[in-house]
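Residue numbers (the working numbering), protein chains in the order written: chain S, 1 to 122; chain A, 1001 to 1206.
Hint data in this document are derived by calculation from the structure and do not stem from the laboratory.
Virtual Cβ for every residue (Gly too), placed ideally from N, Cα, C.
Please note that a few of the clues may not be correct.
[As the list claims (entries may be wrong)] Example chain S residues on the side facing chain A (calculated, C-beta under 8 Å, incomplete):
1) Glu6
2) Ile10
3) Thr39
4) Leu40
5) Pro43
6) Ala88
7) Asp92
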Amino acid sequence: MPREEEGVAIAAGLELAGARPVLIFQDNGIGNLLTSLLTLCQPYHLPLLAIVSRRGGLGEYNSMIHTISERTEALLDAAGVRWFQLDARTPDDRWAAEIERAWAFARATHRPVFVLVNLMGS
Amino acid sequence: MTAARLDRAQVLRFIDAAAPDSPVVLSLGGISREMLAVAGRKGNHFVSLDAMGQTISVALGLALGLEDSDPTGKVLAVEGDGSLLVGLSVLGTVGHLKPRRLVVYVLDNGVYLATGGQPTAAADIDLVTVATACNWRGARQVRTAEELAAATAWALETEGPVLVRVHVGTAQLAVPFFLEDPAILAEDFRRWLRSSMVTRDLHSVD
Chain S
1 MPREEEGVAI AAGLELAGAR PVLIFQDNGI GNLLTSLLTL CQPYHLPLLA IVSRRGGLGE
61 YNSMIHTISE RTEALLDAAG VRWFQLDART PDDRWAAEIE RAWAFARATH RPVFVLVNLM
121 GS
Chain A
1001 MTAARLDRAQ VLRFIDAAAP DSPVVLSLGG ISREMLAVAG RKGNHFVSLD AMGQTISVAL
1061 GLALGLEDSD PTGKVLAVEG DGSLLVGLSV LGTVGHLKPR RLVVYVLDNG VYLATGGQPT
1121 AAADIDLVTV ATACNWRGAR QVRTAEELAA ATAWALETEG PVLVRVHVGT AQLAVPFFLE
1181 DPAILAEDFR RWLRSSMVTR DLHSVD
């Protein structure tokens, strides 16, 4: 997808058709998808799993990306989007099962669920 | 002298009659409320009330998700020019993924009608050329009822993705606001899909 909000809407159509869409993108694209998430997936009760790779924390090598990346949780909280963290505290061999659980939780609660994945360690 | 433009409601009535058994994704309040006025509440219509710019993307996801269920059937999107310009990137995505079932109507009135009729940039954009340049299988534009009928017959029998730009006027029907709970709209549409075609029914298991 060229833009995160477009991905949200494509995933919404796939979900309506009975598929199991998963969005994968980096956290600095959060701002691009809030409107379509809150005008489509949240009010229409469309479950959606988003896997969001984190930037802007310890180990960051870019001088500006933290400005939006470190606000990811706050933006999602303000938007009422349920999120879970997946980082070095979870053993590698549990990650696949945790992502399965997040998808099941999105289905069970009829809403988007985001998994914030930190590959930088913390 | 220029002929009178097609009315949007007239075009919507025609599209509904031409595709009574196909999924149709309707864009935003104006188009959705007028379709409700001329066609009533239809199981095959998915009403996307506020996700501006995302109508074609929703239909793209549907067309991809239904690819194996009924390869000859169509998935329609009814988009406006203002909304299209919010999410123009999807034209590239569609041309890249080439969903064979996708038929997109752009009802082009040239203005942002819901916010007071400010002009859009659509008047200066050749959408037929844009879609074709984005690798769509075909695109046409129409200005009259006869051209609309011919383009629709072509669109429904041609392998997608195809785009039909329909130049319409700015006349609007006097219609009431539509206040249905969106969660019910989504579930009604899912039920229609399940009852009308073979979908990967993942909603009833787990």
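Hints versus structure:
Below 8 Å, beta-carbon pairs count as interface contacts, and Glu6(S) has one with chain A at about 5 Å; its hint therefore holds. Interface restraint check: Ile10(S) against chain A, minimum CB-CB distance 4 Å, threshold 8 Å, status holds. Because the closest C-beta pair between Thr39(S) and chain A is about 4 Å apart, less than 8 Å, the hint holds. Of the supplied interface hints, the one on Leu40(S) holds, with its beta-carbon coming within about 4 Å of a beta-carbon of chain A, less than 8 Å.
The interface hint given for Pro43(S) holds, since its Cβ lies 4 Å from the closest Cβ of chain A, which is under the 8 Å cut-off. The beta carbon of Ala88(S) comes no nearer than 30 Å to any beta carbon in chain A, farther than 8 Å, and the hint placing it at the interface is violated. Residue-level restraint check for Asp92(S) is violated (minimum Cβ-Cβ distance to chain A is 26 Å; threshold 8 Å).
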